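**Student:** As you go down the protein sequences, you meet chains A and B in turn.
Per this note's numbering, numbering through the first sequence is continuous, rising by one, with the last residue being 310.
Per this note's numbering, numbering through the second sequence is continuous, rising by one, with the last residue being 1107.
The set of hints was computed from the structure by calculation and includes no laboratory data.
A quick note: this is a predicted structure, and the numbers were derived from the prediction, not measured.
Check the hints yourself; a few may be wrong.
As the list claims (entries may be wrong) - For lysine-lysine, the following PhoX-like pairs were computed, each having C-alpha atoms within a straight-line distance of at most 25 angstroms:
#, chain 1, residue 1, chain 2, residue 2
1, A, Lys28, B, Lys1095
2, A, Lys256, A, Lys123
3, A, Lys248, A, Lys219
4, A, Lys182, A, Lys123
5, B, Lys1104, B, Lys1081
6, B, Lys1104, A, Lys123
7, B, Lys1095, A, Lys93
8, A, Lys93, B, Lys1099
9, A, Lys182, A, Lys283
10, A, Lys123, B, Lys1051
11, A, Lys71, B, Lys1104
12, B, Lys1084, A, Lys123
13, B, Lys1095, A, Lys71
14, A, Lys256, B, Lys1101
15, A, Lys283, A, Lys104
16, B, Lys1095, B, Lys1081
17, B, Lys1051, B, Lys1084
18, A, Lys71, B, Lys1016
As the list claims (entries may be wrong) - Residues of chain B placed beyond 12 angstroms of chain A at every Cβ, according to the derived structure:
#, residue
19, His1003
20, Ser1017
21, Asn1070
22, Val1071
No residue lacks a Cβ here, since even glycine has one placed at the ideal position from N, Cα and C.
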Amino acid sequence: METRDVIIIGSGPAGWTAAIYAARADLKPVLFEGPEPGGQLTTTTEVENFPGFPKGILGPELMANMREQAKRFETEIISDKVTAVDFSSSLLKVMVGDTVYESKTVIVSTGATARRLGLDSEKALYGKGVSACATCDGFFFKNKNVIIVGGGDSAMEEANFLTRFAAKVYLVHRRDAFRASKVMQERTFANPKIEVIWNTAVEDILGTEVGHVTGVKLKDTVSGVVREMAIDGVFAAIGHEPNTALFKGILDLDEKGYIKTVPGSTRTNVPGVFAAGDVQDAKYRQAISAAGTGCMAALEAEKFLAESAG
Amino acid sequence: MEHSFTDDNFQNEVLKSDVPVLVDFWAPWCGPCRMMAPVIEELAGEIDGAKLKIGKCNVDENPGVAGQFNVMSIPTFLVFKGGKVVDTFVGGMAKQAMKDKLDKTIG
């Protein structure tokens, strides 16, 4: 079997940047795109804070560009999802079903995924009024009423975005104050189509028996009173979870499940395995910081290969 | 070959098709849809058209079909057999995962 120099798992800004650097260093990287090709930026619209694009760029376009750039330097792209890893020997193994790939180094850039509410009804009604992507699905709620759950910047951003289509957007938050930035809060409070429902949690989503969302069951977190509300769509922006299920018991993770790296580097506890992007970053979580650590990981992998070659 | 399905040709091209049909409901503003575009294009090139017809339906230009089949999230992939929906996948996925699902459907 062919032993690779670098395998990259994940296709967000960290993964593609690592691929560009590794490919230009002639390491012939192999990149697995995973279950959400392009990662979180594919569900955003305009990216206004990525340097080099003075007029902004669409998230999906930015990701398509990065892919193109990695391809130009002959990154081998595999449109598949890694199902298991084995880092127990210095020959690192990455599995896709029964197919085993061996490599001297692995860069983990599997990112993070938007957290769901965790209700059975949410799963049953996914794509039938429950959406994980406001920018994709807002269109289907023209002149309808929707709720969005959350209290951070992304909840405010999505609430404001949804008012382009929806008649009314209810922003449901379990506390009596938002943690979103001041500017986003002001924009939200000033939008006449948004109504904030404080101290409230979504207990259940109604409509499973008819096959689409008809309402929600809301619980007042202070009084405990439960009520039902008719609604057409349910969106959630309640934070993210790192995609580290593959690495449990294999790489050191912190208490929130993020991969631990040696400070000032992208090194994990396993020699030859590096982690970049949101999968190891609960703090900044930006496209540009992910790209930065992707670059670091590729340079560190290159150095590791040079040193282990003696 | 990748087909293009519209409100006008859906009846003939999809519902009355002799072979099963995979329809990719998408829109240009939807990021995950755009990421799936090359996957669908490649699958359309690889899978024998006599076994499975593959095509796209722009929900923005064809609200009739999208509404008829209750598409409320994109990308949504519907598999039709004999005029009926036999499988539904919502959201982006890796090419191989899509292929595996289709293999099961078309046998």
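**Student:** For every hint, state whether the structure bears it out.
**Tutor:** Cross-check of the supplied hints:
Between Lys28(A) and Lys1095(B) the CA atoms are separated by roughly 22 angstroms; this keeps the pair inside 25 angstroms, and the hint holds. With a C-alpha separation of about 23 angstroms, the suggested pair Lys256(A) and Lys123(A) falls inside the 25 angstroms cut-off, and the hint holds. Between Lys248(A) and Lys219(A) the CA atoms are separated by roughly 35 angstroms; this puts the pair beyond 25 angstroms, and the hint is violated. Between Lys182(A) and Lys123(A), the direct Cα distance comes to roughly 33 angstroms. Violation of the 25 angstroms bound is thereby established for this hinted pair.
Restraint check: the Cα-Cα separation between Lys1104(B) and Lys1081(B) comes to about 13 angstroms, which is no more than 25 angstroms; the hinted pair holds. Distance hint between Lys1104(B) and Lys123(A) is fulfilled; the C-alpha atoms sit about 22 angstroms from each other, no more than 25 angstroms. Restraint check: the Cα-Cα separation between Lys1095(B) and Lys93(A) comes to about 21 angstroms, which is no more than 25 angstroms; the hinted pair holds. Taking the CA atoms of Lys93(A) and Lys1099(B), the gap is about 24 angstroms. The hint holds against a cut of 25 angstroms.
Pair hint Lys182(A) plus Lys283(A) holds up; C-alpha atoms about 19 angstroms apart against a cutoff of 25 angstroms. Distance check on the hinted pair: Lys123(A) and Lys1051(B) sit about 31 angstroms apart at the alpha-carbon level, beyond 25 angstroms; violated. Note on Lys71(A) and Lys1104(B): the hinted pairing is violated, with a Cα-Cα distance of about 31 angstroms set against a maximum of 25 angstroms. Straight-line distance between C-alpha atoms of Lys1084(B) and Lys123(A) comes to about 23 angstroms, which keeps the hinted pair within the 25 angstroms bound.
About 17 angstroms separates the Cα atoms of Lys1095(B) and Lys71(A), which keeps this hinted pair within 25 angstroms; it holds. Restraint check: the Cα-Cα separation between Lys256(A) and Lys1101(B) comes to about 33 angstroms, which exceeds 25 angstroms; the hinted pair is violated. The hinted pair formed by Lys283(A) and Lys104(A) fails the criterion: a straight-line CA distance of about 29 angstroms is larger than 25 angstroms. Proposed proximity of Lys1095(B) and Lys1081(B) is supported: the alpha carbons are some 22 angstroms apart, at most 25 angstroms.
Between Lys1051(B) and Lys1084(B), the direct Cα distance comes to roughly 16 angstroms. Compliance with the 25 angstroms bound is thereby established for this hinted pair. With a C-alpha separation of about 40 angstroms, the suggested pairing of Lys71(A) with Lys1016(B) is violated against the 25 angstroms cut-off. With a least CB separation of 21 angstroms from chain A, His1003(B) remains clear of the 12 angstroms interface cut-off, as annotated. Look at Ser1017(B): its CB is around 23 angstroms from the nearest CB on chain A, clear of 12 angstroms, so calling it non-interface holds up.
Non-interface call for Asn1070(B) relative to chain A: violated, since the shortest CB-CB distance, roughly 7 angstroms, does not exceed 12 angstroms. Its closest Cβ contact with chain A, about 7 angstroms, brings Val1071(B) to no more than 12 angstroms, contrary to its assignment away from the interface.
In the structure shown, a violation is registered for the earlier hints numbered 3, 4, 10, 11, 14, 15, 18, 21 and 22, in ascending order.
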